[in-house]
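Going down the list, the protein sequences come from chains A and B.
For the first sequence, my numbering assigns the number 35 to the initial residue and increments by one for each residue that follows.
For the second sequence, my numbering assigns the number 53 to the initial residue and increments by one for each residue that follows.
One should not assume that every hint holds.
Per label pair, the in silico range of CB-to-CB distance [stated by the list, open to error]:
id	chain 1	residue 1	chain 2	residue 2	range
1	B	D69	A	G272	49 to 57 angstroms
2	B	H161	A	Q54	56 to 64 angstroms
3	B	H161	A	L81	53 to 61 angstroms
4	A	R259	B	E163	23 to 31 angstroms
5	B	D273	A	K149	44 to 52 angstroms
If you are wondering where the hints come from, they were derived from the structure by calculation, not from laboratory data.
For every residue, glycine included, the Cβ atom is placed at its ideal position computed from N, Cα and C.
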Amino acid sequence: MEMQKKSPKPARGLNGKHGQIWQAYIFLAPAFVIAAVFFIAAIVFALFMSFNHVNMISQQFEFSGLKNYIDVFQDDVAMTALKNTAIFSAIVVPMQTIIALLIAYALSTRGIKGKKLFRLVYFLPTLTSSAALTLIFMFIFNVTGPLNNFLISMGLYQHPVNFLQNPAYSLKVIMVMNIWSTVPNYMTVYLASLVDLPESFYEAAEIDGASAWQKLRYITIPYLRPITTYVLLTGIIGTFQMFDQAYIFSNGSGGPDNSTLTIALMVYQYAFGSMNTMGYACALAVVLTIIIFVVSRLTERLNGSEGLR
Amino acid sequence: MVKIKLDHIYKKYAGNDDYSVTDFDMEMKDNEFVVFVGPSGCGKSTTLRMVAGLETISKGNLFMNGQQVNEVQPKDRDIAMVFQNYALYPQMTVADNMGFGLKIRKVPHTEIKKRVDDAAEILGLSDYLTRKPGALSGGQRQRVALGRAIVRDASLFLLDEPLSNLDAKLRVEMRTQIAQLHQRLETNMIYVTHDQVEAMTMADRIVIMNDGKVQQIGTPDELYNKPTNKFVAGFMGSPAMNFFDVHLHDNRVSNGKGLDIVVPEGRLKGLRQQGYLDKDVVMGVRPEDIHTEQIAIDTFTDSIVNSQVVVSEFLGTESNLYSKVGTTEFVAQVNARDFHRPGENVEMAFEMNKAHFFDKDNGVTIE
Numbered sequence: 035m036e037m038q039k040k041s042p043k044p045a046r047g048l049n050g051k052h053g054q055i056w057q058a059y060i061f062l063a064p065a066f067v068i069a070a071v072f073f074i075a076a077i078v079f080a081l082f083m084s085f086n087h088v089n090m091i092s093q094q095f096e097f098s099g100l101k102n103y104i105d106v107f108q109d110d111v112a113m114t115a116l117k118n119t120a121i122f123s124a125i126v127v128p129m130q131t132i133i134a135l136l137i138a139y140a141l142s143t144r145g146i147k148g149k150k151l152f153r154l155v156y157f158l159p160t161l162t163s164s165a166a167l168t169l170i171f172m173f174i175f176n177v178t179g180p181l182n183n184f185l186i187s188m189g190l191y192q193h194p195v196n197f198l199q200n201p202a203y204s205l206k207v208i209m210v211m212n213i214w215s216t217v218p219n220y221m222t223v224y225l226a227s228l229v230d231l232p233e234s235f236y237e238a239a240e241i242d243g244a245s246a247w248q249k250l251r252y253i254t255i256p257y258l259r260p261i262t263t264y265v266l267l268t269g270i271i272g273t274f275q276m277f278d279q280a281y282i283f284s285n286g287s288g289g290p291d292n293s294t295l296t297i298a299l300m301v302y303q304y305a306f307g308s309m310n311t312m313g314y315a316c317a318l319a320v321v322l323t324i325i326i327f328v329v330s331r332l333t334e335r336l337n338g339s340e341g342l343r
Numbered sequence: 053m054v055k056i057k058l059d060h061i062y063k064k065y066a067g068n069d070d071y072s073v074t075d076f077d078m079e080m081k082d083n084e085f086v087v088f089v090g091p092s093g094c095g096k097s098t099t100l101r102m103v104a105g106l107e108t109i110s111k112g113n114l115f116m117n118g119q120q121v122n123e124v125q126p127k128d129r130d131i132a133m134v135f136q137n138y139a140l141y142p143q144m145t146v147a148d149n150m151g152f153g154l155k156i157r158k159v160p161h162t163e164i165k166k167r168v169d170d171a172a173e174i175l176g177l178s179d180y181l182t183r184k185p186g187a188l189s190g191g192q193r194q195r196v197a198l199g200r201a202i203v204r205d206a207s208l209f210l211l212d213e214p215l216s217n218l219d220a221k222l223r224v225e226m227r228t229q230i231a232q233l234h235q236r237l238e239t240n241m242i243y244v245t246h247d248q249v250e251a252m253t254m255a256d257r258i259v260i261m262n263d264g265k266v267q268q269i270g271t272p273d274e275l276y277n278k279p280t281n282k283f284v285a286g287f288m289g290s291p292a293m294n295f296f297d298v299h300l301h302d303n304r305v306s307n308g309k310g311l312d313i314v315v316p317e318g319r320l321k322g323l324r325q326q327g328y329l330d331k332d333v334v335m336g337v338r339p340e341d342i343h344t345e346q347i348a349i350d351t352f353t354d355s356i357v358n359s360q361v362v363v364s365e366f367l368g369t370e371s372n373l374y375s376k377v378g379t380t381e382f383v384a385q386v387n388a389r390d391f392h393r394p395g396e397n398v399e400m401a402f403e404m405n406k407a408h409f410f411d412k413d414n415g416v417t418i419e
C-alpha cells in the first residue's frame with residue numbers, strides 16, 4: 035500500500051502564510067503611524083478647528099458652527115485670493131503642460147543632435163531651489179534689472195516698467211517663474227514616456243503623409259494622455275497650493291495691493307500671523323481642499339483615459 | 053502598377069565604417085511579389101526602408117516608373133507599408149486605424165468608409181471595426197495592419213517581417229492570405245522576412261542577402277536547386293544542407309573521418325575541368341538526397357555509407373535522422389516509414405547526382 039504523504043505542518047510565526055502577512059504589516063506600520071499622526075490626525079484636527087473660534091495664545095476653542103465658512107465667502111480678501119489662485123492655475127497649468135509636451139516632442143524627434151545636452155540644460159531649473167529661483171526672477175524683473183534694460187534698449191519702452199510693484203504685472207511675473215520652474219520636471223515625465231512610443235507609429239504616419247503637427251495631434255498627444263492626466267492633476271494641485279514663490283516675492287504680504295495673494299499664502303497669514311485666527315485659516319484650507327478636489331476630478335473627467343476624437 | 057529599379061544602391065550609417073547594404077541592384081517586374089530574405093542584420097529591412105523613403109540612400113539610385121525618387125518624401129512615393137509591430141494606434145478603433153491614411157490625405161468621409169468597409173470585408177474584419185487594437189488577437193491586428201495598407205490603394209506594398217510576431221499556425225494561415233491578397237490586388241509587393249519557408253512559399257522571386265550583400269536573386273526553384281554559393285545553399289531548406297569538407301581524389305571524395313564515396317562521372321567532369329582534382333572542396337548534400345529505402349541502396353551502390361542514427365525526429369510524413377559515419381555528422385530526411393531509433397546502424401545512400409560542390413576558399417558553387 036502506498037504510504038499516504040503526510041502534509042507538511044503549517045509553519046507558524048514569521049515563516050508561514052500568516053507570518054508573511056504579519057511581516058507586511060510590520061513593514062507598513064512606520065509609514066502608517068507617520069501618516070496617521072501627521073496627516074490624518076492633522077486633517078481631523080483642522081476640520082475640528084474650522085468649526086471653532088480658536089485662540090492659539092490661550093489655547094481656547096469656542097464652537098462657532100459654520101461661521102468661519104460663511105466668513106470665507108463674505109470676505110473680499112478671501113475672494114481676491116481665490117480669484118488670484120484660480121487665474122494663476124488657469125493660466126499656469128495649461129501653459130506648463132503644453133510647453134512641456136512640445137519640448138518633449140521636439141527632443142524626442144529622430145535625428146536631433148545633442149539631445150542629452152538639451153535635456154540637461156532644460157532640467158537645470160528643477161534642481162534650483164524655489165527661493166533662489168524667485169530671487170533670480172526678482173532680479174531679472176527689477177526696475178533696474180536686465181529685462182527692463184533690454185526692453186528700453188530695444189526702444190519698446192521709454193521708462194522702465196515696475197513689474198514687481200505694479201499689481202497689473204506682479205502675479206504674471208510669478209506665473210512666468212512658476213511655468214519656467216515646473217516645465218522641466220513635466221518635460222522629463224513626458225520624455226520618459228515618449229521613449230516607449232514605437233518609432234514605427236511615426237513612420238507609418240509619415241508614409242500616410244502626416245505632417246509634424248498631425249503626428250503630434252493624432253499620435254503623440256493621444257499616446258501621452260495618461261501622462262497628461264498626471265501632469266494636469268499635479269499641476270492643479272501645485273498651483274492651487276502655490277505659496278513659496280508668492281511669499282518670497284511679496285515678503286509674505288501678498289502685495290502689491292493683494293495682487294499676489296494666494297489662498298495658501300492667506301491661510302498662512304491668518305493661521306500664524308498676528309491676527310490669531312486659526313479657525314478661520316482652517317476653514318479656508320478646507321475650502322481650498324474641496325476646490326482642488328472638484329477641479330481635479332473635473333479635469334480628469336475632461337481629459338479622460340480614452341483618445342480625443 | 054509601378055516599375056521599380058534599385059540601381060546599385062548602397063547604405064552606410066553615420067559613424068559606421070562599413071556599408072550596411074552594398075551594391076543592391078535589381079529590377080522589379082509588374083505585379084511581382086519579391087521577398088528579401090536573410091539572417092538578421094543582413095540589410096534586408098534597411099533596403100526596404102530605403103525603398104520606403106524612411107532611410108536615405110547613401111549611393112546609387114532608386115527609380116519608380118523611370119523617375120529617380122531618392123529625395124522624394126515617403127508620402128509621395130505611392131507606397132503602403134506594413135510594419136513588424138503593426139504600428140496600430142492604440143487609441144483609435146480598427147476603422148479609424150484603417151482610414152487614418154485617407155483621412156490625412158483629405159479623402160471624403162463617405163469614400164473612406166466605403167474603402168474601409170471593402171478592405172474589412174476582404175480581411176474578415178467587418179465585425180471588429182469599432183474595436184480598439186488592444187481588444188484584438190495577434191492575427192486580427194496583423195489583418196488590420198494589412199487593411200490599412202489595402203485601403204490606400206498604393207501601387208507598391210512593403211511588408212517588413214509582418215508575420216514574425218504570430219504563432220506558427222497563424223503564420224501559415226496568414227501566409228496564404230497574403231499570397232491571395234497579392235493575386236487579388238495585382239500590385240507589386242516587397243516582403244522582408246528571415247524565414248526561408250515564407251520566402252519559398254510566397255515569392256515570385258527571392259533576393260537572398262547576407263552581410264549587406266545580395267547573394268542571389270532568383271525564383272524559389274533556382275535558389276533551392278541552383279544556389280550560387282554555399283551561403284544560399286545552406287540558408288534555403290530545412291533541415292539545412294549538409295556540408296562536408298572533403299578531398300577529391302580520382303573519382304572519390306573522402307574526409308578522412310569516415311566519409312568516402314564515389315562521385316558519378318557527370319559531376320566529376322566539371323570538377324575535373326575546373327582543376328579541383330586532388331584538391332579540397334566543400335560538398336553539400338541536402339537531407340532529402342540521403343536515402344535509406346532499399347531501392348535507393350540498390351541503385352546508388354557506389355555511395356553507400358554505414359551510419360549510426362544519433363537522434364531521430366518523427367514528423368508524420370517524414371523523419372529526420374541525425375546520424376554519423378565515423379565522426380562525420382549529417383542529417384537525412386527520409387520517409388516516415390523508414391523511421392530508425394537512435395543507436396541503430398543504418399545503410400544510407402547519398403544521391404551524388406544531386407550533390408553540390410563549393411570552392412573551399414570563397415564558397416562559390418562549382419558548376
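Status of the hints after comparison with the structure:
1. D69(B) with G272(A): 49 to 57 angstroms: holds (50 angstroms)
2. H161(B) with Q54(A): 56 to 64 angstroms: holds (59 angstroms)
3. H161(B) with L81(A): 53 to 61 angstroms: holds (55 angstroms)
4. R259(A) with E163(B): 23 to 31 angstroms: holds (29 angstroms)
5. D273(B) with K149(A): 44 to 52 angstroms: holds (50 angstroms)
Of the numbered hints stated above, none is contradicted by the structure.
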